[in-house]
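Residue 239 in the UniProt record's numbering is what sits at position 239 of the first sequence, and the numbering runs on without skipping anything.
Hints are computed from structural coordinates only; laboratory data are not their basis.
A few of these clues could be false.
To be verified - List of simulated lysine to aspartate or glutamate pairs, EDC-like, C-alpha gap at most 16 angstroms:
id	residue 1	residue 2
1	134	161
2	515	538
3	368	330
4	231	269
5	341	294
6	410	376
7	405	376
8	68	35
9	258	294
10	152	101
11	519	540
12	519	538
13	411	401
14	341	374
15	235	294
16	235	275
17	152	127
18	152	126
19	411	374
20	405	361
21	258	207
22	158	545
23	410	374
24	368	421
25	515	545
26	341	311
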Amino acid sequence: MFSWNRRLARYVKAGQHEKTIELYQEMQQKGMSPDNFTFVPVLNACASLRALEAGRKVHEEIIQSGCKADVFVGNSLVDMYSKCGSIEDACKVFNNMPSRDVVTWNAMILGHVNLIDMYAKCGSIEDAKRVFNKLPSRDVVSWNVMIFGHVKYGQGQKALELFRQMQEEGVQPAPLTLVGVLNACASVVALEEGRRAHDWVIKSGWDSNVFVGNSLIDMYAKCGSLEDALKVFNKMPSRDVVTWNAMIGGYAIHGHGKEALKQFEQMREEGVQPDDTTFVCLLSACSHSGLVDEGLRFYSSMSTVYMISADFQHYTCMVDLLGRAGRLHEAENMVLAMPYKPQVAAWMALLGACRIHGNVEMGERVAKQVLELEPENAAGYVLLSNLYTATGNRDLSKNIERQRKERSVKKHPGRTWIEVDNEVHTFVVDDQHHLQMIEIHAELKRLSGLMHYAGYVPDTNFVLHDVEEEEKVFNLCHHSEKLAIAFGLINSAPGTPLCIRKNLRVCRHCHTSTKFISKVVGRAIMVRDANRFHHFQDGECSCRDYW
DNA sequence: CTAGGGTTAG
Numbered sequence: 001m002f003s004w005n006r007r008l009a010r011y012v013k014a015g016q017h018e019k020t021i022e023l024y025q026e027m028q029q030k031g032m033s034p035d036n037f038t039f040v041p042v043l044n045a046c047a048s049l050r051a052l053e054a055g056r057k058v059h060e061e062i063i064q065s066g067c068k069a070d071v072f073v074g075n076s077l078v079d080m081y082s083k084c085g086s087i088e089d090a091c092k093v094f095n096n097m098p099s100r101d102v103v104t105w106n107a108m109i110l111g112h113v114n115l116i117d118m119y120a121k122c123g124s125i126e127d128a129k130r131v132f133n134k135l136p137s138r139d140v141v142s143w144n145v146m147i148f149g150h151v152k153y154g155q156g157q158k159a160l161e162l163f164r165q166m167q168e169e170g171v172q173p174a175p176l177t178l179v180g181v182l183n184a185c186a187s188v189v190a191l192e193e194g195r196r197a198h199d200w201v202i203k204s205g206w207d208s209n210v211f212v213g214n215s216l217i218d219m220y221a222k223c224g225s226l227e228d229a230l231k232v233f234n235k236m237p238s239r240d241v242v243t244w245n246a247m248i249g250g251y252a253i254h255g256h257g258k259e260a261l262k263q264f265e266q267m268r269e270e271g272v273q274p275d276d277t278t279f280v281c282l283l284s285a286c287s288h289s290g291l292v293d294e295g296l297r298f299y300s301s302m303s304t305v306y307m308i309s310a311d312f313q314h315y316t317c318m319v320d321l322l323g324r325a326g327r328l329h330e331a332e333n334m335v336l337a338m339p340y341k342p343q344v345a346a347w348m349a350l351l352g353a354c355r356i357h358g359n360v361e362m363g364e365r366v367a368k369q370v371l372e373l374e375p376e377n378a379a380g381y382v383l384l385s386n387l388y389t390a391t392g393n394r395d396l397s398k399n400i401e402r403q404r405k406e407r408s409v410k411k412h413p414g415r416t417w418i419e420v421d422n423e424v425h426t427f428v429v430d431d432q433h434h435l436q437m438i439e440i441h442a443e444l445k446r447l448s449g450l451m452h453y454a455g456y457v458p459d460t461n462f463v464l465h466d467v468e469e470e471e472k473v474f475n476l477c478h479h480s481e482k483l484a485i486a487f488g489l490i491n492s493a494p495g496t497p498l499c500i501r502k503n504l505r506v507c508r509h510c511h512t513s514t515k516f517i518s519k520v521v522g523r524a525i526m527v528r529d530a531n532r533f534h535h536f537q538d539g540e541c542s543c544r545d546y547w
């Protein structure tokens with residue numbers, strides 16, 4: 001038994017989860033009766049593989065084995081059910097355990113956190129919090145799970161608050177805590193806060209930790225400082241494929257396609273084997289920079305030269321690349337050529353391209369697919385209705401909006417974050433609650449005067465609410481990024497660059513007016529939207545209106 | 001021989 005169990009443990013440590021399960025079956029066939037030391041690694045493997053049915057079977061075998069399940073086995077069961085997404089089973093095991101420790105509780109919190117996703121299960125973070133608050137004693141892992149959970153839930157600020165709270169309670173952070181904190185900074189574009197986290201990393205001697213280094217690169221890139229990202233990259237004592245991917249991905253979101261390609265060349269020269277994510281990064285770099293031919297070349301070389309087969313993410317990148325460039329039919333063929341049922345993401349990328357290029361005929365066809373596959377996802381309705389508006393089909397646009405409301409599908413409210421004086425401020429559409437609202441509105445009025453003087457004419461076509469003509473001009477000033485820009489301007493010294501983060505993609509109207517604003521106030525304005533960075537300066541944007 | 005949190009892309 002000792003040697004069987006030791007082999008199982010080794011396989012799990014090496015990440016060979018399928019092998020672990022095979023070995024377990026083999027030992028059963030040879031008539032061995034597994035014990036607690038056997039079940040733990042096997043459950044661990046099931047958890048990693050998200051193999052719920054296999055896990056259930058092991059659970060039954062534990063019960064039949066007559067072994068008295070100890071806290072290790074109990075914890076592994078809770079962990080397995082949590083990771084496999086069955087919080088009900090995790091709860092059942094939890095409630096039946098004669099004794100629990102902090103590991104048990106943490107597994108429960110993680111189970112709730114894992115359920116957080118974009119459309120549904122918004123209550124999960126609340127459930128996680130409830131468990132967290134009930135915990136008799138919290139250790140560093142409990143805090144880490146909560147920090148990561150809030151980042152995943154889109155509450156980066158709350159995650160940073162948790163970090164402060166944990167220190168107040170005297171819990172020592174671990175390297176992974178800083179990974180979570182850096183993620184939080186990246187998610188809300190908190191560069192100064194990120195620099196402080198970097199100081200912490202150096203002070204603790206964790207800067208040689210590859211995970212931490214990778215997160216630092218990502219944080220700096222997502223907070224707008226590719227220079228700092230590159231500095232970290234160059235100083236890292238050891239790099240892995242993620243390090244390279246993070247750097248390539250950093251160039252990609254800034255629209256520096258050529259540099260991304262160079263970084264890839266360097267990666268190859270140093271003999272680092274690219275993986276599937278590398279190609280997602282590369283293809284998205286090509287897409288953001290309009291490097292269509294290069295993208296097509298990478299796409300074909302990934303399977304022929306690097307032996308990496310394209311999965312749905314690569315197809316989605318290609319659809320985006322071709323579609324954005326206006327090659328709509330090739331993009332559509334790419335969706336149809338997928339060797340499995342196309343995912344919504346692929347149709348969505350194509351629908352986005354139809355919107356950009358005003359192709360109503362294809363857009364309607366594609367939207368039908370999207371709305372069939374995910375009728376509860378607002379993005380499909382929004383894209384189609386925007387396509388109608390942009391092509392002058394107002395009634396059709398209103399129709400789609402009505403349909404969306406009838407099915408009570410909610411849009412994600414637009415949200416913008418800006419860091420001023422080391423503090424992150426949040427704005428939503430038509431925000432009325434900010435303390436400085438009067439000043440902000442005065443600033444918007446002042447800007448609008450300056451912009452008109454500079455030759456700016458608002459294009460009301462792009463206001464996509466269901467409102468009357470006169471109201472539209474008014475509404476244009478109330479998109480959350482406008483409010484954040486005005487706030488940033490009045491709260492920082494003249495000439496200081498602004499950096500803002502938005503949860504949705506910047507609309508064409510805001511894009512145009514931000515170009516004007518950068519010119520009339522003489523400021524560099526960086527905007528990170530859901531997709532990429534826009535660097536506005538002197539009336540121009542780094543994306544060259546290609547986005 | 002047994003337990004928990006993690007990095008990139010979309």
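Ascending list of hint numbers which this structure does not respect: 1, 3, 4, 5, 10, 15, 16, 20, 21, 22, 24
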